[in-house]
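Peer 1: Residue strings, one per chain:
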Amino acid sequence: MELIISIIEHINYIAAAALFVIGLYTVLTHSNLLKKVIGINIMETSIFLFFVSIGYVSGGSSPIITLGEKQIFINPVPSALILTGIVVAVSITAYSLSLIIRLHETYGTIDMDEIMALRGEKS
Amino acid sequence: MDDLIVKTITRLIIPFIQLYGIFIILHGHLSPGGGFSGGAILGASIVLYSLSFGLEKASKKLSHETSSIIETAGILWYIVLGLVGIFMRGFFLTNRGAGFPMGEAGGVISSGMIALITLGIGAKVASTMITLFHTIIKED
Amino acid sequence: MSSVHFPVYILLILLTTAVTIPLISNRFKNSLKEYIMAAFVVSWVLSFTTLNHVMKNGSYTYSFGNWSQKIGIQFLVDEFSSFMTLIILTVAFLVIIYSLKDMEHEIKDYQFSSYYTLIFLLLFSMIGLTVTNDMFNMYVFMEILSITSCGIISIKHKKDNFLASMRYLILSAIGSLSVLLGIALLYMVTGQLNMFEVSSVISQTWQSYPTNILVSLGFMVSGLAIKAAVFPLHIWLPDAHSSAPTPSSALLSGLVVKVYIFTVAKILFRIIGVEIVAALGIPTYLTYFAALGMIMGSVFAIGQKDIKRMLAYSSVAQIGYIFMGLGLATVQGFSAALFHIVSHALLKTALFLSAGSIIYQKDKRDLRDLNGIGYEMPITMMVFTIAAFGMIGIPGINGFMSKIYLSLAVIDVKKYVYLVIILVSSFLNAMYYLPIIIAAFLKESKDRKNIMVMDKLPRSMIYPMVIVALGCILMGFFPQLIMNVIDKAVPSFLLLGK
Amino acid sequence: MKKIFFMIVLAGLLVLLITSVMEMPGIGSIDNPAYNEVTRYYVENAVKDSNAPNIIAAIITDYRAFDTLGETTVLFTSIAAVISVLSLGHHHKEHNNTDEKVEKHHG
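Taken in order, these protein sequences are the chains called A, B, C and D.
This note's numbering numbers the first residue of the first sequence as 1 and each following residue consecutively.
This note's numbering numbers the first residue of the second sequence as 124 and each following residue consecutively.
This note's numbering numbers the first residue of the third sequence as 264 and each following residue consecutively.
This note's numbering numbers the first residue of the fourth sequence as 762 and each following residue consecutively.
These aren't lab readings, by the way, just hints derived from the structure by calculation.
Because the structure is a prediction, the values reported are computed rather than measured.
A few of these clues could be false.
Short derived list, chain C residues pointing at chain D, Cβ under 10 Å [said to hold, decoys possible]: (1) A301; (2) F327; (3) L381; (4) F387; (5) T395; (6) F404; (7) T411; (8) F425; (9) L444; (10) E460; (11) S471; (12) G481; (13) V716.
Just so it is clear, CB atoms sit at the ideal spot from N, CA and C, and this is done for glycine as well.
Can you build the whole structure from these sequences, using the hints too?
Peer 2: This is how it looks when you write it as structure tokens:
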């Protein structure tokens with residue numbers, strides 16, 4: 001029973017960990033390059049979820065100060081870090097997509113196994 | 124894509140998207156949003172334009188030359204704002220200590236360096252989004 | 264204009280140059296080279312002054328916006344970071360001079376501006392990663408570094424390059440994300456991002472969250488191990504380093520990998536602290552992998568036919584030496600590692616540049632085609648020979664001194680097995696470097712007689728190689744030049760906050 | 762085979778991660794060690810220091826503004842990298858294509 005309560009209390013962290021592992025599994029096992037990139041994006045999202053969950057305070061409002069009564073705010077630092085993280089994720093995705101375009105042009109496929117097979121025949 | 128409905132709706136809706144983007148950028152220090160989100164919205168408006176009118180016309184709206192100048196200028200603007208801090212005998216990227224006009228808390232023209240940086244970032248992110256999109260679809 | 268700001272100025276000059284190169288090259292195409300050189304000279308002078316200042320007045324921290332270290336971002340300018348900045352700029356300077364001519368062979372005209380933009384961003388991020396004292400800032404610089412280092416591989420539009428940089432990008436994205444997850448876990452425990460603050464919080468509370476710190480450390484170290492190509496995770500390195508254009512290979516293998524090693528050292532010794540790391544047993548595992556890498560990297564290198572691929576595998580072995588020094592977690596071990604970082608940077612640069620010259624002049628990459636090449640390109644092969652002797656550990660060249668230091672450090676902790684491994688690894692090095700030298704100077708080429716002629720290389724390619732080779736010899740005879748700085752840098756690194 | 766191997770390894774990783782996060786206080790708990798004096802400083806002094814009611818804006822462009830400079834640089838880097846990969850130059854396009862064809866033929 002205690003375990004279940006503890007799981008419910010940590011559900012966001014557990015979900016983030018699960019997403020991270022799912023993303024890693026996608027990157028490592030799928031040979032399609034687009035799927036690999038999507039896997040990287042899943043991993044990134046999981047870390048964002050993780051960070052944001054660290055910053056959450058129950059009953060806290062978003063950290064924008066309004067005049068009036070004193071409120072509890074959530075921790076603003078993780079949110080600020082995530083903004084940076086998102087931009088970095090966009091950049092990596094853009095660059096990897098452009099590489100995939102080029103690979104498709106040169107090999108005619110975006111499947112890593114097929115590319116390796118093509119190269120194997122050549123050498 | 125040559126569709127009258129899409130083109131008309133695009134033409135109608137783009138000013139509102141851009142207005143919203145500019146609003147988000149200008150209110151970056153007051154409300155949720157800021158340079159990155161506002162810039163992405165602004166960029167999305169041009170992306171929408173190039174989707175419905177084609178790449179040729181869209182590149183005329185924002186040529187490669189102009190966007191590369193905006194990208195460089197965005198970072199240089201940031202660096203210059205930071206250097207103001209050093210020249211005012213502070214450190215790199217000092218806000219209040221460097222004598223930026225702080226204004227009244229809650230006003231649109233306030234918070235010194237924050238609003239200025241947000242403006243620069245907004246322009247840069249918008250042009251980055253557009254350039255990325257145009258460069259990638261040019262390949263087809 | 265006080266010299267306190269100099270590290271920031273260096274970064275800003277590099278960044279400004281990077282962002283203005285596209286504009287400059289559109290308008291004033293001819294002055295691009297002068298522009299690049301001017302930026303380099305200015306930042307080199309600034310970096311030299313910083314090192315001087317630090318050696319005289321001691322280390323200092325630079326807080327952006329004058330915020331206290333808990334709430335703002337901080338740079339730590341100490342002997343270590345200012346010295347490494349100088350090394351990075353010096354090696355990069357020589358490589359860039361070399362690249363001005365060499366890249367004309369490798370890429371097309373219109374790509375020049377992109378290439379140098381990426382190079383300057385690469386330097387910006389490397390120096391930022393070296394001086395920063397903030398965990399999240401470290402991550403941001405790491406991402407710039409991983410994109411740019413893939414970018415300078417894929418700049419050459421060949422099949423192999425795209426594939427190599429795609430693999431490198433995916434693996435290094437996994438690496439950076441592991442590091443970010445580690446940072447998130449650490450932030451969860453400490454609520455701080457500044458390295459000093461994190462380490463002071465952790466030293467008080469690590470008993471309460473042992474698993475968390477262990478897991479976070481595991482993620483960060485293994486993420487960086489992918490990027491630094493520690494042995495079982497090195498699979499991206501041979502493709503990436505061998506297919507890249509020569510100057511890029513020299514930079515990647517001489518500097519980029521080293522910068523990731525600095526980051527590992529920062530995480531282990533500055534963020535977590537020596538005692539906790541030793542209590543968790545991380546360094547011991549590092550030495551196991553290092554020993555494995557020292558042997559296996561050389562074994563793989565023996566089987567290679569392509570000269571640049573062989574050099575890339577040799578890097579895997581040499582990274583093993585550096586991690587061996589780090590893993591000992593003693594002052595001697597760490598200074599041996601730092602010394603080897605510097606000497607390997609010089610040696611590998613010399614090797615890659617001379618291999619690149621052979622490719623430039625003769626268009627030959629296969630090791631079996633190099634018979635008698637010593638008579639055709641004497642200067643290049645002399646540089647290659649010096650650097651190869653350094654790798655093997657012939658006395659008089661800096662590689663020998665770093666092996667001596669490492670052996671002394673190993674003897675100091677009484678792990679004599681590693682002494683044997685260092686010896687075996689040196690023998691293996693000799694097995695693949697000596698045949699090339701013998702073939703180059705003692706065998707007859709099929710096409711021509713062995714008559715001595717001078718290299719047909721542009722001067723701007725010969726001088727950098729020769730300077731690097733002379734630097735190797737200088738360091739071999741006067742290791743104290745470097746060791747004096749390292750001796751000052753190490754205690755400030757290992758014993759911080761005591 | 763490869764998939765099963767990875768599945769087992771990653772399941773181990775998942776268990777490790779979950780045990781490590783279970784050590785921490787639950788979500789939203791105010792005892793979370795991350796909610797410390799630094800956070801309180803930001804919440805209490807952001808308006809006083811920078812006149813910006815949006816604390817996150819104050820953090821990303823004032824307290825930790827150097828991160829944001831790095832972030833814009835990442836964007837610039839990605840553009841430089843994408844252009845270096847994709848652009849073929851206006852005059853060189855045909856020339857380059859023939860090059861590639863020749864190469865394929867040889868291969």
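Peer 1: Which numbered hints turn out to be false for this structure?
Peer 2: 1 and 13
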